[in-house]
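In the order they appear, the protein sequences are chains R and L.
Note that the working numbering numbers the first sequence so that position 24 is 24, with each residue one more than the last.
Note that the working numbering numbers the second sequence so that position 484 is 484, with each residue one more than the last.
Quick caveat, the hints were computed from the structure, so don't treat them as lab data.
Glycine included, each C-beta is placed from N, C-alpha and C at the ideal position.
Incorrect hints may have been included.
Which stretches of chain R does chain L cover? Using the computed rule of at least three CB atoms under 8 Å from a CB of chain L, they are [stated by the list, open to error]:
1. 45 to 54
2. 69 to 77
3. 203 to 212
Take a look, some chain L residues computed to stay more than 10 Å from chain R by CB distance [to be verified]:
4. Arg4
5. Gly19
6. Asp143
7. Val160
8. Leu192
9. Val211
10. Ala232
11. Leu236
12. Glu261
13. Thr264
14. Ala265
15. Ser271
16. Arg379
17. Leu476
18. Asn483
Label-pair distances were calculated between CB atoms; the ranges are [as the list claims (entries may be wrong)]:
19. R:Val114 <-> L:Val116: 45 to 55 Å
20. L:Pro375 <-> R:Asp234: 54 to 64 Å
21. L:Ala60 <-> R:Ala323: 53 to 63 Å
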Amino acid sequence: MRKGRLSSILAAIVALIAAACGGDSADTTGAEATAPPGGTLRIISHDSFAGGVTEETFTAFVEETGFSVEVVPAGDAGGAVNQAILTKDNPVADVLFGVDNTFLSRALGEDIFVPYESPALDRVDPRLIVDAEMRVTPIDYGDVCLNYDIAWFEENELEPPSTLDDLVAPEYGGLLVVEDPAASSPGLAFLLATIDRYGSDWPGYWESLVANGVAVVNDWDTAYYSNFTRYGGDDPIVVSYASSPPAEVMFAEEPLDAAPTAVVTDGCFRQIEFAGILAGTENETAAGQLIDFMLSPEFQEQIPTTWFVFPANVDVDLPEVFAENTVIPEDPIAMDPAEIEQNRETWLDQWRDIVTP
Amino acid sequence: MTSRRAVWAAAALPLLFIGYFFLYPLARILWLGISELQVADLLGERRIARVAWFTLWQAAASTGLTLLVAAPLTWAVSRFEFPGRRLAQALVIVPFVLPTVVVGTAFAALGWRDSVGAILAAHVFYNVAVVVRTVGGMWARLDRKVEEAAAMLGASPWRVFRTVTFPILRPAVIAAASIVFLFTFTSFGTVLILGGFRYSTVEVEIYRQAVTLFDLPMAAALSIGQMIAVTALLTLYARRQERTASPLVLAPETSTRRHPEGRTAVAVAVSVVASLVALAIPPSVLVARAAADGGFRRLFVDEPVLGRPIEAVPTSFSFAIVATVIAVVVGICAAYVISRRGSRLSQWFDVVLMLPLGTSAVTIGFGFLIALDWPIDLRATVALVPLAHALVAVPFVVRATVPLMRSIHPSVREAAAMLGASPARVFRYIDLPIVARAALVGAGFAFVVSLGEFGATAFIARPNTVTIPVMIFRLLGRPGLGNFAAAMALATVLGAITAAAIMVMDRFRSTDLGTF
Numbered sequence: 001m002r003k004g005r006l007s008s009i010l011a012a013i014v015a016l017i018a019a020a021c022g023g024d025s026a027d028t029t030g031a032e033a034t035a036p037p038g039g040t041l042r043i044i045s046h047d048s049f050a051g052g053v054t055e056e057t058f059t060a061f062v063e064e065t066g067f068s069v070e071v072v073p074a075g076d077a078g079g080a081v082n083q084a085i086l087t088k089d090n091p092v093a094d095v096l097f098g099v100d101n102t103f104l105s106r107a108l109g110e111d112i113f114v115p116y117e118s119p120a121l122d123r124v125d126p127r128l129i130v131d132a133e134m135r136v137t138p139i140d141y142g143d144v145c146l147n148y149d150i151a152w153f154e155e156n157e158l159e160p161p162s163t164l165d166d167l168v169a170p171e172y173g174g175l176l177v178v179e180d181p182a183a184s185s186p187g188l189a190f191l192l193a194t195i196d197r198y199g200s201d202w203p204g205y206w207e208s209l210v211a212n213g214v215a216v217v218n219d220w221d222t223a224y225y226s227n228f229t230r231y232g233g234d235d236p237i238v239v240s241y242a243s244s245p246p247a248e249v250m251f252a253e254e255p256l257d258a259a260p261t262a263v264v265t266d267g268c269f270r271q272i273e274f275a276g277i278l279a280g281t282e283n284e285t286a287a288g289q290l291i292d293f294m295l296s297p298e299f300q301e302q303i304p305t306t307w308f309v310f311p312a313n314v315d316v317d318l319p320e321v322f323a324e325n326t327v328i329p330e331d332p333i334a335m336d337p338a339e340i341e342q343n344r345e346t347w348l349d350q351w352r353d354i355v356t357p
Numbered sequence: 001m002t003s004r005r006a007v008w009a010a011a012a013l014p015l016l017f018i019g020y021f022f023l024y025p026l027a028r029i030l031w032l033g034i035s036e037l038q039v040a041d042l043l044g045e046r047r048i049a050r051v052a053w054f055t056l057w058q059a060a061a062s063t064g065l066t067l068l069v070a071a072p073l074t075w076a077v078s079r080f081e082f083p084g085r086r087l088a089q090a091l092v093i094v095p096f097v098l099p100t101v102v103v104g105t106a107f108a109a110l111g112w113r114d115s116v117g118a119i120l121a122a123h124v125f126y127n128v129a130v131v132v133r134t135v136g137g138m139w140a141r142l143d144r145k146v147e148e149a150a151a152m153l154g155a156s157p158w159r160v161f162r163t164v165t166f167p168i169l170r171p172a173v174i175a176a177a178s179i180v181f182l183f184t185f186t187s188f189g190t191v192l193i194l195g196g197f198r199y200s201t202v203e204v205e206i207y208r209q210a211v212t213l214f215d216l217p218m219a220a221a222l223s224i225g226q227m228i229a230v231t232a233l234l235t236l237y238a239r240r241q242e243r244t245a246s247p248l249v250l251a252p253e254t255s256t257r258r259h260p261e262g263r264t265a266v267a268v269a270v271s272v273v274a275s276l277v278a279l280a281i282p283p284s285v286l287v288a289r290a291a292a293d294g295g296f297r298r299l300f301v302d303e304p305v306l307g308r309p310i311e312a313v314p315t316s317f318s319f320a321i322v323a324t325v326i327a328v329v330v331g332i333c334a335a336y337v338i339s340r341r342g343s344r345l346s347q348w349f350d351v352v353l354m355l356p357l358g359t360s361a362v363t364i365g366f367g368f369l370i371a372l373d374w375p376i377d378l379r380a381t382v383a384l385v386p387l388a389h390a391l392v393a394v395p396f397v398v399r400a401t402v403p404l405m406r407s408i409h410p411s412v413r414e415a416a417a418m419l420g421a422s423p424a425r426v427f428r429y430i431d432l433p434i435v436a437r438a439a440l441v442g443a444g445f446a447f448v449v450s451l452g453e454f455g456a457t458a459f460i461a462r463p464n465t466v467t468i469p470v471m472i473f474r475l476l477g478r479p480g481l482g483n484f485a486a487a488m489a490l491a492t493v494l495g496a497i498t499a500a501a502i503m504v505m506d507r508f509r510s511t512d513l514g515t516f
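Next comes chain R alone, as it looks inside the complex (with noise of 0.2 Å):
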């Protein structure tokens, strides 16, 4: 009697685990079954990628190799950098995508990619390309900007700002709002962007900054939904991306004519995301041609208007709204991906110190 309860509860487990482990896949192979029988190859991603990534994303590349495509989304990217560290002994997915300039020091010291030359590179921008040994390939890239609030500069007749000067001038005094560059990765690219232009005498510029009344706040929703006059909020600056005022016009409830926001051109952070092959995968040959389906002007033209980032092939033109409202810094700043991971843990710490009161 106890036993055959014990065993009947046991049982019932194992068949919910079954059928959660059945629907799983019910759920998951739409995509499998119509594809032809070549595999699954699986990208590891962060949050935002796989949140864009829709059936008909990889269609052209499904039908041109027979392998369907899976994302497995890690958070942020950072987390997908972590989980493919972790997991480098057994992997869970055949290709990275997502590793960032500021994180690729951590990744290629890990060894966790396989070198891959993709035919498509001589159609890349080359100040893309930082890893000589070809680990990661650059697939788009992305300019972390100041944004202002036109409509709030007009009402109260002030110029907007245009360097990273003004930003601690009297006149732009408490107009300023940053993310925390522990949590947020616009929040770094910011920071980045300043050490890199002030140099030794960043943190003099931070202290000017604090004086000069800057909010600091957590993440990027927080600092465009709460606290950017735009959205309600009391600061008409925000650190943003470059793609945030056409992101306005496309988002827009009443249609609009141009963008209501601006980008400020000097003291951009330029983020470069690449993609590398998982060492350990069994589909390395599937994982190159992926890698330059991803540089195809079938996968690059997706690249604007789903994740808000630009096309690293040169090929590929702007969509309309990106190119009517938006400008691509001429000469952004860049840093050392080796550097920024040796310093990383000690400038956040500085940081700390400087705006905690």
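The hints should help you fit chain L onto chain R, whose structure is shown.
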């Protein structure tokens, strides 16, 4: 002898579950970190001590405040029958399951941010439900005759409460306080959003060390420190609770609830209205912001990338159902073991099962990644999602069940056994009817915990299965005010579903009261 074997048999399932899905991954990741730890790194970290102190005192303050704030409402809904009681009881749980990012946004919109006050207020807002449900569940079944007898003998209402009511409720109060303390001690999202970069708990620091800096040795050392603190605390509570739990005469809820009259009616009305109004402020901000920009309409409109946001609802439901069933089955087995006094197992079983609540999500997530590829590779399957939800939900089922199980008088069991009933039969006819009711409370909690869970699953690979909180998070990450409004609208929907689920669960509880 057979009884002891029955206890061990019942313990097998929870042991397997907690062993494979928690202890084993945890051991793997901690070992990985600790094996590279330089003790010298730990010294010289002055900020760690600061973080630890802040973690401790804010948790203690949050717990005390929550008990105080929740007391009037708990009293009103568990002792009295009034129009809207059920609704009030369901609404109070809504804050508990709202994703932290949403609550953070709501508090920030109220202008409460970057302060200890905001953190404490948000902690109270979140945890009032724990007290109302846990303590209220016990209070509602406390036979009024006990109190009336004391009053009859001349005790003042205060004296009755102090000497009769409170001692009986104490196990439930301790249970609630331990859960609230645990939550606030390990608070992550709330502190991250409302504390800005100025205030940091150990949990936030673990995340920072593990994810931002990838300093696994430091993260492991902090995780172990946090777990030692949590274990010590839980052991203390478990001991106390065991000592103070007294078998008592329980009555059906319908017989204990009165219609309030006169001054009592005023007190009940004030308690309920004031509590609900205060709890309603942050959610109202959400609804207002959702409605202002057409968020509700957008739930049904194809977002170019994310699809129709409303489609996250059925996904969440299927995960929640599976997670609830697992959690209830595992939790009941565990509660059966824990409620047996004197069994060596029960002494630490309770503590072990509570540990997942006191372990940082990033530690568990990293552990899953390096450990759960054997015997089958679970890491990239969706099965991991309900399993992780169940891991978090089991303690709720246990907490809801154990106090009631303990309150079954041992002599009743002994009598049944004496008359020749097997342990299974004793369980079936003595324990199960009481347990079933407590299990429903636990199931309700498990269900809504799963619906709202975000933190633990954030580190688990989950291919394209977007639950409600994940969808909210993704909407917030998309540009445009419309997507922001849609996120707020979806959060409102989550709150509404939660309230509805709890109401259904409560109805369930009272309709089968007749069998009790």
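Results for each hint:
{"no.": "1", "hint": "45 to 54", "in the structure": "holds (count 7)"}
{"no.": "2", "hint": "69 to 77", "in the structure": "holds (count 7)"}
{"no.": "3", "hint": "203 to 212", "in the structure": "violated (count 0)"}
{"no.": "4", "hint": "Arg4", "in the structure": "12 Å, holds"}
{"no.": "5", "hint": "Gly19", "in the structure": "14 Å, holds"}
{"no.": "6", "hint": "Asp143", "in the structure": "32 Å, holds"}
{"no.": "7", "hint": "Val160", "in the structure": "43 Å, holds"}
{"no.": "8", "hint": "Leu192", "in the structure": "6 Å, violated"}
{"no.": "9", "hint": "Val211", "in the structure": "5 Å, violated"}
{"no.": "10", "hint": "Ala232", "in the structure": "29 Å, holds"}
{"no.": "11", "hint": "Leu236", "in the structure": "32 Å, holds"}
{"no.": "12", "hint": "Glu261", "in the structure": "47 Å, holds"}
{"no.": "13", "hint": "Thr264", "in the structure": "43 Å, holds"}
{"no.": "14", "hint": "Ala265", "in the structure": "42 Å, holds"}
{"no.": "15", "hint": "Ser271", "in the structure": "33 Å, holds"}
{"no.": "16", "hint": "Arg379", "in the structure": "5 Å, violated"}
{"no.": "17", "hint": "Leu476", "in the structure": "5 Å, violated"}
{"no.": "18", "hint": "Asn483", "in the structure": "6 Å, violated"}
{"no.": "19", "hint": "R:Val114 <-> L:Val116: 45 to 55 Å", "in the structure": "50 Å, holds"}
{"no.": "20", "hint": "L:Pro375 <-> R:Asp234: 54 to 64 Å", "in the structure": "56 Å, holds"}
{"no.": "21", "hint": "L:Ala60 <-> R:Ala323: 53 to 63 Å", "in the structure": "57 Å, holds"}
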